[in-house]
Structures are given as C-alpha cells and as structure tokens.
Amino acid sequence: MLEAHLYKQLRDFPLDLKIQANPGEILVLMGENGAGKSTVLNMLSGLLNPDTGSIRLNGKPLFESASGVVVPVESRNIGYVLQNSTAFPHLSVSENVAYGMKARHIHKDRIAQQIDHWMELMDIKNLADVKAGKLSGGQKQRVAIARALAIGPELMMLDEPFTALDTESRQSVQDAICTCVSDLQIPCLVVTHRVLDARDIGDRVILLNRGVSCWEGLPSDMPDAGIQSPS
Amino acid sequence: MTFSFPEPDNYRRTLTTIGAIVLIASVTLYLALPVVALFFRTTPELFISSLCDPAVTSALWLSLSTSVISLGIVILVGTPFAYVHSRNTYPGKIIVDTLIDLPLVLPPAVAGMALLVLYGRVGLVGRYLDMFGITLAFTTLAVIMAQIFVASPFYLRQAKSLFEQLDPSYEKTARTLGASPLRIFITITLPLTAGGLVSGAVMTFGRALGEFGATIMFAGNLPGVTQTMPLSVYVGMQGNFNIGLTISILLVIISFTIMIAVRFLAGREGRHA
Chain V
1 MLEAHLYKQL RDFPLDLKIQ ANPGEILVLM GENGAGKSTV LNMLSGLLNP
51 DTGSIRLNGK PLFESASGVV VPVESRNIGY VLQNSTAFPH LSVSENVAYG
101 MKARHIHKDR IAQQIDHWME LMDIKNLADV KAGKLSGGQK QRVAIARALA
151 IGPELMMLDE PFTALDTESR QSVQDAICTC VSDLQIPCLV VTHRVLDARD
201 IGDRVILLNR GVSCWEGLPS DMPDAGIQSP S
Chain U
1 MTFSFPEPDN YRRTLTTIGA IVLIASVTLY LALPVVALFF RTTPELFISS
51 LCDPAVTSAL WLSLSTSVIS LGIVILVGTP FAYVHSRNTY PGKIIVDTLI
101 DLPLVLPPAV AGMALLVLYG RVGLVGRYLD MFGITLAFTT LAVIMAQIFV
151 ASPFYLRQAK SLFEQLDPSY EKTARTLGAS PLRIFITITL PLTAGGLVSG
201 AVMTFGRALG EFGATIMFAG NLPGVTQTMP LSVYVGMQGN FNIGLTISIL
251 LVIISFTIMI AVRFLAGREG RHA
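Here the protein sequences come in this chain order: V and U. Using the numbering used here, read the first sequence as starting at 1 and increasing by one per residue. Using the numbering used here, read the second sequence as starting at 1 and increasing by one per residue.
So here's chain V without its partners, still in its complex pose (with noise of 0.2 Å):
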C-alpha cells in the first residue's frame, strides 16, 4: 500500500496532495497540463524531493522531513515509466528488459526467464534482438514497461503511456497493465489526460489543478468538465 502527503512549493504554486493507493488498485491521476501530475510521480520515485511530507511504501518510510529519512532513487524499488518512450535506443529489446535486473544483481538464470516472461506477456517477444532505436512509438511504450515490471516493483507509476499507441496497441497495453496489477497486488498510479483512458484502466481517479486534489472518485462519477477531451 503506498500513502503518501507531498508538499512542494512549484514555481506558481504549492503542491500539496495527500495519496493512498491500495494493492491491486489503479489510481489516476488526471490534470491540465502543468497541473502538477509529473512532479508527484517523480516525488514519489525519488528523482526529486518534496519540502515536507512523507511517503510510505508497504509500510516502509521512503521519505519523511521530520525524521530525515530519503531513500534515493536506486533503492526504491518502484517500477516509473516516465512521460515519452524511454526505452534505451542502442539497446536490444531483450537487453531493455534486462536492464533494471543486471543493475540490481539478479542472477543470470533468473534474468533470462523474466526476460522471456515480459517479453510475451508485452508481446514483444518476437522482437528480442531488435534495437529499441528501431521500433515503433507503441512498441518502444511495451518495452519500457516491460522493463518497469520486470524488477519486481512494489509500486507501478506510468506517465502518460498511452499517448503513443493507436486504438488497438493501447487496449492491450491496458488490458496487460491491468492484469499484472491484478496478479502482482501492486498499487498503481497512472497519470493521463484523456478521460476515456482513465475510464477503462483506472479504478479511481483523482482530479489535480493547481497542485491541489480538486475531486476524487469512482472513474463513472467523473466530471467532464474542466478536463480536456479524448485525443
């Protein structure tokens, strides 16, 4: 379970946002554009601080000012697709998947049956061999998730994954987040700008302006106004 209260004070505005994610649920997280929605994933993985709060992952302190306590980035143990496709261009697709398990040690035969794993489960396997530089916008979103679940996360954030997919790609890459969430009992924050997006994967949706929740719900019960409309 991830809870969590981050204060930042952004450059127009202060963020401060209070989390609470269950295992085995999908929260969205919907906004305008700079509403804050990026800088809470990237808190919450630790590539940049809050002022004050805390984050708290299965119980243990990530983050808390009171009592000093950062745990850096490496050691998080959360699986974050940042907003474009990252996965490492001069890299195979096999070796994409690897790379999160080679840094942390993992023994060799593990690796290569998570890798095999993955790959199927993102439909990615025939392209094993293919340099991630290569492959299509939709394709690259598949590894670079592929990659995120493949160490293992106690936490799944996505930053907009879906913006490269076409219509089909996008509902498999759902239909695969959703089951891996389901079976890994993770939480999982998904940050989107199209309702229709937050309607079919989320399982609740919390709307941010200006750094602040604005409303939190069901995603049948959201409001349509105030959000941009489907692309």
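These aren't lab readings, by the way, just hints derived from the structure by calculation. Note that the Cβ used here is the ideal one computed from N, Cα and C, for glycine as well. A portion of the hints provided could be inaccurate.
To give a feel for the contact side, a few chain U residues facing chain V, derived at Cβ under 8 Å [claimed, not checked]:
| id | residue |
| --- | --- |
| 1 | Lys172 |
| 2 | Thr173 |
| 3 | Arg175 |
| 4 | Thr176 |
| 5 | Leu177 |
| 6 | Ser180 |
| 7 | Ile188 |
| 8 | Pro191 |
| 9 | Leu192 |
Model the placement of chain U on the given structure of chain V, informed by the hints.
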C-alpha cells in the same frame, strides 16, 4: 535567319547558374590546388625513398606516439570533466567555459610562450620543479603538454555539448531501475554519445598531430626528442626539401583520412539521433 534574345526569366536563371558554378569552382580550387600541388612536386619513387629517411621515420614516430598519448590523456580526463561540468551549475562556470575555448582562438605561439613562462626552468612553477631535478621544457613531455593545451578544446567542447543535449529521461529511467551513477554513465551515457565523442577525439588527434607553434616555443626543435612532423617540414624548407615535401604529403593524407572519418561518424550520429 532570325535572332531573338532569351526570355528575361531564362536569362536570369542562366546567369545565376553560371555565377553559382564560378563561385563553387573558385572556392574549391583555391582550397584544393595548393594541396594537389604538393603531390605534383614529387614522384612516387622519390616519395617512397624519402619515407625511409631516418629524419622522416623519427618525426613520424614522435608525432604519432605523442599525439596518441595526448589524445589518451584528453579522453581520460576530459570525458569525466565534460560530464561533471555539463551536469552541474557552479560559480564561475562561464569563466571555465571561456577558458576551455581560449586555446582555439589563441595564437599557438602565445600558448607555447604561456607554457614556457609557467613550466620553463625559470617559470612560475618550473623553477620549483627544477629544484627537484624535474625539467619539463624542451622535452618530449613538453610536446605532449603543448598538444594537450592546443588540441583538447576540440574534444571538451564536443563532449560538453553531447552531454548537455542527451535526453535526461534515459538516465532518470536507469536510476529508477536501480542502476548506480557509474553503471548509468558506462551503459547509457557513453554509448548514446559515443559517435560524437569519437568524432571529437579524431579532431583532437588531427590537431595534436599538426601542432607547430606551441611545440616549437615550449619544446624546441630537437631531432628525435621534440622534432615532430610539422617541425620537420619547417626544417626541410631550410635543408632537405624532399623530406619536408614527403612529410607534408603524409600529413595531408592523414588529415584527409581524419576528415573523412569525422564526416562518416557525424553522419552515423545524425542517423542515430
């Protein structure tokens, strides 16, 4: 028989085409003719026999070995320097940036004089080194120091710019996957900038190989010790012209090969991006 003037549009187009051809031809010829003239001034037999002259082999060996060492030092020190410099903001960064570029516009003779004033036997630092029996000026080490001073900006500028332009999301992603800063540098940053770094290294090697002014001021012109290929060309002008000519042709061939290599690498980098 009737005669008609060309249409104004055709007339203008013809004039433009002729003007463009004359412009391109004159610039190309101005640059190419002196280089081509070198090859016409000798014969293959004379060139090959001069190649075996000890003065040529000595200068060739000295130039290649010192340039390789200079390049190695520039890469080993310059790569981490450029990375740290490009990824951090610190007071006086703009001054460091200017100092990196300074040797590019500084006359090489002035660079040599500056090195001599600092490291010469009575120089600011050199006098203290001399007390310990360490002499830098007029040694092979001085050749390397002069080459590094003059040629390193070619690599540093390139590396700095590559590290600044690299999409930071690759490194951020690698961090979230658990990679250490060193692993990220070796497995992500270096491979993604390798083409540009090699092209910067090739330019640095070429500049070090052609270095003359700073070398003659700081290292002197001692055959077998500090007399590099450009210095041998200068000496050949006053003595054995054929040797000077042979070394000049060698330098042209090496420089041309370097430029082709840089173009090839730059093209590959462009396709990769």
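Tested hints:
no., hint, verdict
1, Lys172, "6 Å, holds"
2, Thr173, "5 Å, holds"
3, Arg175, "5 Å, holds"
4, Thr176, "4 Å, holds"
5, Leu177, "3 Å, holds"
6, Ser180, "7 Å, holds"
7, Ile188, "6 Å, holds"
8, Pro191, "5 Å, holds"
9, Leu192, "6 Å, holds"
In terms of the numbered hints stated before, the structure departs from none.
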